[in-house]
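Asker: Protein chains in written order, with the working numbering: chain A, 61 to 405; chain B, 452 to 1033; chain C, 499 to 866.
Source of the hints: derived by calculation from the structure; they are not laboratory data. Remember, it's a predicted structure, so these values are computed and weren't measured experimentally. Glycine residues also receive a C-beta, built at the ideal position from the N, C-alpha and C atoms. Hints may contain errors.
[Unchecked claim] FRET-style restraints, in silico, Cβ to Cβ:
hint: 1; chain 1: A; residue 1: E252; chain 2: B; residue 2: N510; range: 33 to 39 Å
hint: 2; chain 1: C; residue 1: E760; chain 2: B; residue 2: L650; range: 33 to 39 Å
hint: 3; chain 1: B; residue 1: F521; chain 2: A; residue 2: K253; range: 30 to 36 Å
hint: 4; chain 1: B; residue 1: G568; chain 2: C; residue 2: D525; range: 55 to 61 Å
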Amino acid sequence: MKSFGKNFVSWIGSVVVFSMLMCISSTAWSEELLVYTALEDDEIPGYLELFKKEHAGIDIKIVRDSTGIITAKLLAEKDNPRADVVWGTAATSLMLCNQAGMVQPYAPKGLEKVRPKMRDKAATPAWVGIKAWMTGFCVNTIELESLGLPMPADYEDLTNPAFADQLAMPNPASSGTGFLTVSAILQSMGEEKGWDYLDRLHKNIARYTHSGSKPCKLAGAGEVPVGISFAYRGFMQKKKGEPVITVFPKSGSGWDVEANCLIKKDTIKSSAKLFLDWAISESIMKEYGKVYPVTAYDSGQPVPDGFPANPEEQLVENDFDWAAKNRVRILAEWSKRYDVKSDPK
Amino acid sequence: MSQLAIEAPLERLPLSQTIDKELWIRRLLIGLVCLWMLVVVILPIFQLLSKSLMDNAGNFVGFANYVHYFKTPALSNSIGNSLFVSILTTLIAVGLGFLYAYALTRTTIPGKAFFKGLAMMPLFAPTLLNGISLVYLFGRKGLFTTGFFGTIPGFDIHLYGPVGIIISEVLFAFPQAVLILSIALNMTDARLYEASDSLGASKIKTFFTVTIPGIKYGLISAVFVCFILAFTDFGAPKVVGGNFNILSTDIYKQVIGQQNFVMGAVVSVVLLIPTVIAFIVDRIVQRKQVAIIAAKSVPLIPKPERLKDTLFLTYCAFIALLIVGFYSTSLFASLVKVWPYKLNLGFWHYNFSDMGGGGYAAFFNSIRMAFYSAAFGTVITFSAAYLIEKSRQMRVLREISYFLSILPLALPGLVIGLSYIFFFNAKGWSIAGMFIPNPLGFLYATMGILVMSNIVHFYSVSFLTATTALKQLDKEFEIVSESMGVPFYKTFVCVTVPVCMPAILEIAMYYFVNSMATVSAVIFLYSANLPLASVAVANMDDAGDIAPACAMSILIVLANLLARMLFGLATKGVKNEPRPGW
Amino acid sequence: MTQHGEISDYLSVHQLTKKFGKFTALDDISFSTKLGEFLCVLGPSGCGKTTVLRAIAGLEKPTSGTIVVEGRDVTQLPVSRRNVGIVFQSYALFPNLTAEDNIAYGLKQRSKKAKGVEGRVTELLETVGLSGMGNKYPAQLSGGQQQRVALARAMAISPHLLLLDEPLSALDAKVRIRLRSEIRQLQKRLGVTTIMVTHDQEEALTMADRILIIDRGKLVQMGTPGEVYDKPATPFVASFIGSMNFITKVRKMEDGIFGVGEHRLKISNGRGARRVQNGEPVMIGVRPEDVMIQADGGDGINTLNTLVSAIEYRGSLFRLSLNLPISGNDYTTIDADVPSEKVRRLGLQENMHLPIHLPVDRIRVYAA
């Protein structure tokens, strides 16, 4: 007679033990530097290569997500922070984190070169910018033509009734791009006129999207002829062969700074500070400058193709403090006005 | 002769004291089952409830958040929207599902196995894919909207909003409705139809007086299951919801979009109420049913009827065509270079390297997660079901465990995910002035918490499958082994597990497939060093990268179909062993 | 009845009571058995007989009372420490193990020596008449064969007690009858003390050394098959085992003489009758097969005139329904079993007048 069961027991046993080991090994705590970032997916690999070249010994783990999600994650982990460093995430979001007491002010090497507009005003700043990103309209030329619509040149053009149901725009509550656009409109037009403008714009919006890049991608796929998005996105999609061009509104683009900060933790790793120093160093600034015209300090790169000749002039006056202070109020007002009309016309 | 040997028996009773130990092991294990359910279900939900009663700074504010919620129409309107789409979905899905199940059980149409298998197709896909396919079919540039790129006149169904949500949810709920109703229709007693026939009742009268009452409980169950599925799903509305807000997307928006965890908790509780009510009503109804079908019935064997069979065959073929067309469209779209401008085919979108979401790392993480969920989930679920079903001690504790085991049926994935963030990332709790550090905090942002959330999310159905299988075993197995002094765990391994192997494999496959496809619970729990395929689909769709999102969904479906095929082979293997009769 | 607690008793159950909530399943049951005895616990379904077995097996903790095996109090021991072999109605054979593996299941736990186990399994298979069938799976065996495997498995551990819970009721009639005697012979040969629960009186009568009759949780009678059949202690026992005619409205006239209407019956039967006061109402019972037809002769005592109201053919015999006038229009019905041969010989027909005789020593008297 065979010894029934015995083989089976040992088989089950080894499967269980093996699976447990796999589990443990995959969850094992590691010493690497944990970096949260909202930089675009297609930017990061190039930058990191540079970092590895300069700091071969440091292991970096990148957590990349959209601005809203990164901010939510940071705030969710407030009592028990996981990230060591935040890299390339909207300054207004970092201000929120600072308000929540999560940020350890730190002055990285080379801070003196950074434009005053693009860093926290405190002597030891909570956040330091690396580059600016700005509003741009992504226009699908094929769709625009087939629908017989005029090429928009400025904000006001988008309220043309001909564009009814033809626009996509990011929801400012979840998207950094959405917020900087709304904030720029309110700042440059004044609140009263600004809300009036947004009311009129709302009539033409087909969808408010969750992320800032989606309106541009929707335009690229022809789901809408025009998407209010940010400049970089349109250029990248054009490269892929989508029939989109980027239009910079004449009266100026809303913008925000992509910035870095150090997270307050019981033990701050020295590699964290090293990373922050690197993130505004000249070599990386040159990389940023390849695709972004406005960087923390002049990178010496020529303005990338498709951007206005003097990109800095394209940026509207932006008071980050005002924006951060009024963020909750603006979003509440926005939700009240536009979220409630939840029917998709 | 041989009798002599038996009359001079082996030495008797070499029984040690270990047997009493065995009783204690059993008690300990049942206690552990209770503790497990407490930790993975009750405490996190409690944490969620208490969170909804606090402000963002963590001060107790009573029902202030709820008052705020109901005073903000932007939020509370979603309740009506959610009810609207789920009720409509339920009606359509149960209606279509009934006809389909009727065709599968009460007619003599050919290809029943094929039709049944095809109807289960949506179970293998993340619901996000339903939305994505709809975009390719009915979006602005969809096949139907553009009339197959201008070959025929197109039409616009105004996809984004309730229309899109309802279509996706009907597709999502349809297989469940078919499954439940097929079982109900199969159980009806043929003698009732003979009686009705002999009394000269018309077909229509028979349908309303025999068929419908006969499947009453199945129908009620199908209604509740479809309602809960549609009410709590998050994937499809996220893609095609447009500006039509419903509760599940609100939770996501509040938490991820606006970092308002408190409001997220409030919406979760609002979402939880109807599902819990549906769950309780369903439980009460099912309990009644047990008494009714105790008697033996004669199975109904359908007779061929030409007109009826032709009609139903046409119907099934139509539904099958829709399902095939639906998923082929997404397969096609994932291979197109730039929809709708450059229709050359290739694998561009299957290269996720410059995409968000994590690409192939995410895909393999998902497979790993699904594998662990299947392995651990099956072991835990089956063992727990065994202890609860086959023990004779600790009746009260076993009944509590049973209730806790079917409770997750009422918990939407988003609620599980959010409550797990609150519970597992809490630093600790102050109870009566004493601070208790969280002993489970280490699980946060690990594979462990993902696997755990999946196990809980899909626990109830697996548990019921295991319980049903165990109930079919002779209840005297345990007693017989005990009387021979064989410890229960040996019998469990040598008899119970091998005999229940088909059910065990089914549970494992159920865990695997669902863990691959689910997005709702894990979207709050995944960490960036552990990206997941289904979350990548959501994130890529968020970013507007719909084609790669579609491609990733296709990969998930393929992995699941592969798992299903392996399951088929394994079951066949088990059944082919020389042990007929079960 | 046997006295409890004698040294020679192998198993003794003392004042066993089991309550499930408010429901009393067993009420103060006491009995004992000798080594090697075959005891049947008989009763209608739901009477508590299975609970008796489960209590002895250790599957139910009694509410009160003690169970002693070989002088050792086992009341508190779990089933695993009582060394009992159990055979269930469903056989409960492990479907994924062969007949051999099923039989060896308990042995392997006890003996490390595979050789010994193997030899013993072969012997057991031979004993139950299944030599060479050891490598078959339960599903490949017939019901009767499965039951033998279950029996061999229970015997394999050389149990103190063999407990059989309705072991034959799932089998068809022919197999059941054959297995009855096989089990009985096997049990005698192995000398294992056996308790069998059954609701089938025929099974109990043919197999048991003694029968224990339980009704609604109470022990109503215990005795050899002959005792319980011939001298049923209560009307319940009488009608549960075999059938019995009951005649009510009977009065005791004096010792040994009872009145039924204007008839006078002489009854020699014992104790029950003696306790009744003269003039008190009683009930008498007589089995159909004890009703004699006057044509057989008889001494004129206990002769009654009846009218044949119905004749039912039952193969080897006929059952006659006889109307016995008691007083005026009042009559009672008495069934009589008469061999077919005699019915034909006497040409018995419906509506015939038929004198019958009730033998003085075959009438039982019960309190009314």
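Asker: Does each hint fit the structure? Answer for all of them.
Answerer: Hint-by-hint comparison with the structure:
no.: 1; hint: A:E252 - B:N510: 33 to 39 Å; verdict: holds (36 Å)
no.: 2; hint: C:E760 - B:L650: 33 to 39 Å; verdict: violated (56 Å)
no.: 3; hint: B:F521 - A:K253: 30 to 36 Å; verdict: holds (33 Å)
no.: 4; hint: B:G568 - C:D525: 55 to 61 Å; verdict: holds (59 Å)
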